[in-house]
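Student: Based on the hints, put chain H in the right spot on chain V.
Protein chains in written order, with the numbering used here: chain V, 76 to 372; chain H, 11 to 295.
No wet-lab data here; the hints were simulated from the structure.
Mixed in with the good hints there might be a few duds.
[As the list claims (entries may be wrong)] Listed next, the in silico SDA-like pairs over lysine to any residue satisfying Cα-Cα at most 20 Å (straight line):
id, chain 1, residue 1, chain 2, residue 2
1, H, K149, V, I92
2, V, K77, H, C194
3, V, K77, H, V202
4, H, K25, V, K289
5, H, K21, V, G172
6, H, K149, V, V103
7, H, K117, V, N79
8, V, K289, H, A290
9, H, K21, V, K289
10, H, K25, V, R174
If you're wondering where the values come from, they're calculated on a predicted model, not measured in any experiment.
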Amino acid sequence: MKKNRTLIFLFMAPTVICLLLMYVYPVVRTVIMSFFHVESLTASTSDWSFNGLENYFKIMHNAGFITSMKNFLAIWIVGGVFTLALSLLMAVILTSGIRFQGFFRAAIYLPNIVSAVALATMWVQYIFNFDYGLLNQLVTALGFEKVRWLGTDAKLWSMIAAFIYGSVGYYMLIYISGIEGIPKDLYEAATIDGASKSKQFFRITLPLLKGIVKTTITFWTINAATFYLWSKLFSPVQTEGSTIVPVVYLYDTVFGGKGVVERDAGAGAAVGVVLTLIIIVVYVITEKLLKSSDLEY
Amino acid sequence: MEKTKSKINWKRELKMLPGYLVVIVYVAFMVIMLGWIFGASLSTSREIFTGKVLEFKSGFHWENYATAWDSQNVSVFFGNSLLYSVVSCAGVLLISAPAAYVLSRWKFRGSRTIRVLLVIAMSVPAIMIIMPLYTLAVKWGIKGRILLIALYIFMRVPYTAIYMLDFFATLSHDYEEAAAIDGCSANRTFWVIMLPLIQPAIITVTIFNFLSVWNEFFMALIFTSSNSMTPVGVGLLQIVNSMKYSGNYGGLFAAVIIVFLPTFLLYLFMSRRIISGVTAGGVKG
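So here's chain H without its partners, still in its complex pose:
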């Protein structure tokens, strides 16, 4: 990232040619793949099968998107995923932020255990927990959207709490002392003063939570009982499976693009923040 606009030293660049080639080939493959998929989403099934995807002889078939959106239920899946992601992100913050704050400020009985448990919970595989969760959900009669949102919130609590804990720990105690002198309660101090101070961390962690919930697949597959509550991942799988009968390949690729687009756009604008957040979180050498 420290590149400056210095004059190009061709001799030096030439030495790194093999390196350039490797990364360019790697990225070019992806560009071709995405380009073709986008082209196919605007083509007819016939054009796709005869290998004439990027010629657009019969024009651009934007109606593929309309088909995918309406008759293939993508609008429903999309709405569900949006609901799950947004509500979960808010819920996770509401639960994790206070805990992260308390853990960063005070030692109390069990605080070490809770910290250790949070770290372990981050790497507990879903297969170790879904079976009893399924049993519990049936026993307590919780199902549908509420269940999935609750699971997504709980799924993201450990990571979010640990991530925010590090940021709260860097804040000076002077803030609380000044607030206390002014007669501000500890509870109010947290919500009004401390929480806004770690706003950058909140944004980063929320992006990661959003991506994780939007792309979640395993729990959605197990815990959604009807089409009306299916999120995009499982929905796309259903579309792929029904493709054998409907044969509408243009619609399929349009659906792929629709599912792909939200997180891609988020990434376009936030890539720097996301990339620096990947390694700032749990990874320690």
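Bound-form chain V, shown alone:
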């Protein structure tokens, strides 16, 4: 087809402007800002003073940031293991030929569709409520003492559990599309050879899902690193050590929050860069560890 330069230019211009304005320029500026002492976001660049890795050292020694990183690790590792395992289990069940699988898929994916703020509010105000909450009703029905699910000790794990419950549907759909892509005759051959269901899972399904597992690990890492909303809703008014995550720390440092003595946009940028590096490193490591090319089907 003939190349029409004017058309190409006019059709591409808005998207290119979007890419430059919304992504390229801000990312570059955030990275640069992380190496400068910048107090406020509205400070002009002439007030920026270069201070090398000082921002990074500063956050590494900040108690709030350290706590937030610990919480991030809990969300990432514990939440990740449970979410990915549960969603794989659901995917296997829902591809095993059970009835109403269309309905079950839709129902389990539902939490990903509705407003996460509404969902988190349901958990905080109902499931975990001390006085009338579902969990404490179960607990008392079983004859135990009521539990403070949102007390300082339990809050992080309550939040993670609620987050896992809502996340499973998305990863389940990814696994289902992977499993449905595996040729049926592999299973038929294995059944004829007398391989049990569990053997089929570990010898056929899992190895062939390697590429998908890689994708889900990357997605989960992005999810955990940018975790914000649930933390905000579990500690809505004031940031608390039990639920603080890096993005909440970033927000408070940059935009101010209770307990923040001085705003520091440079340190905030450093937090952003650290989180992005974590995502990239995890991505590279999983790519190296789980080479998917050694199996073809």
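Tutor: Using the frame of chain V, we list chain H on its own:
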């Protein structure tokens, strides 16, 4: 999905009982949660606290919805979210569709770079971009609804463009050639012939854009400066926070239901399309 109405093979079903149990428990939990929240939205705060939510002894308190809608500002939040979602969805299409079309049709200097950038942009975390965007917005004096709509449009451009690109690539070049012979300009050919051909893709991607903007929270929290432009997510957070003082729990749960309902209804009618779209988009094994 390939289930047929064959006779139930009980022996086979029994074998899958553990599987049934797992998914049924999972779904039942959600049904109980939603059912209770709906019940609570029709109860008084007193009934909620004494654990008598599903008895409705004092009748159904529909006025909770009126309270939430009017005095708790849900009508304002709702209107804002609707405005943001609808305008953004249209804006995103207007920007992404032409670019996706051009990228699917021609190679030119920088076309590879743009494709790569679009894919990377899809997974750039918001925290890496909001700080400079905030600075820019202040410097250029852009604020309020316009700012939020512009951000939402730009937020969805990469995903939308990549999604539509795959669909344009499947279209035959014969359409354009026939149109050219009839003297139709390339510009007109795109808007009148090519774009309508990918209508199913447009619908799917618009649903996803709508959901994403309706449920967006982080940017809304940072970039809304007054109550009058707050969308539902941030608005609900405000209601929760003021609950400690107002103590109107029935109103709170009514607000939760109102915020929950639009995307839920959309899902009821479109679940098949949405579910098949989730994995059709960016995910590649």
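Student: Against this structure, judge whether each hint is valid.
Tutor: How the hints compare with the structure:
no.	hint	in the structure
1	K149(H) - I92(V)	holds, 18 Å
2	K77(V) - C194(H)	holds, 14 Å
3	K77(V) - V202(H)	holds, 19 Å
4	K25(H) - K289(V)	violated, 31 Å
5	K21(H) - G172(V)	holds, 14 Å
6	K149(H) - V103(V)	holds, 18 Å
7	K117(H) - N79(V)	holds, 11 Å
8	K289(V) - A290(H)	holds, 17 Å
9	K21(H) - K289(V)	violated, 37 Å
10	K25(H) - R174(V)	holds, 13 Å
Going down the numbered hints, you'll see the structure goes against 4 and 9, while the others check out.
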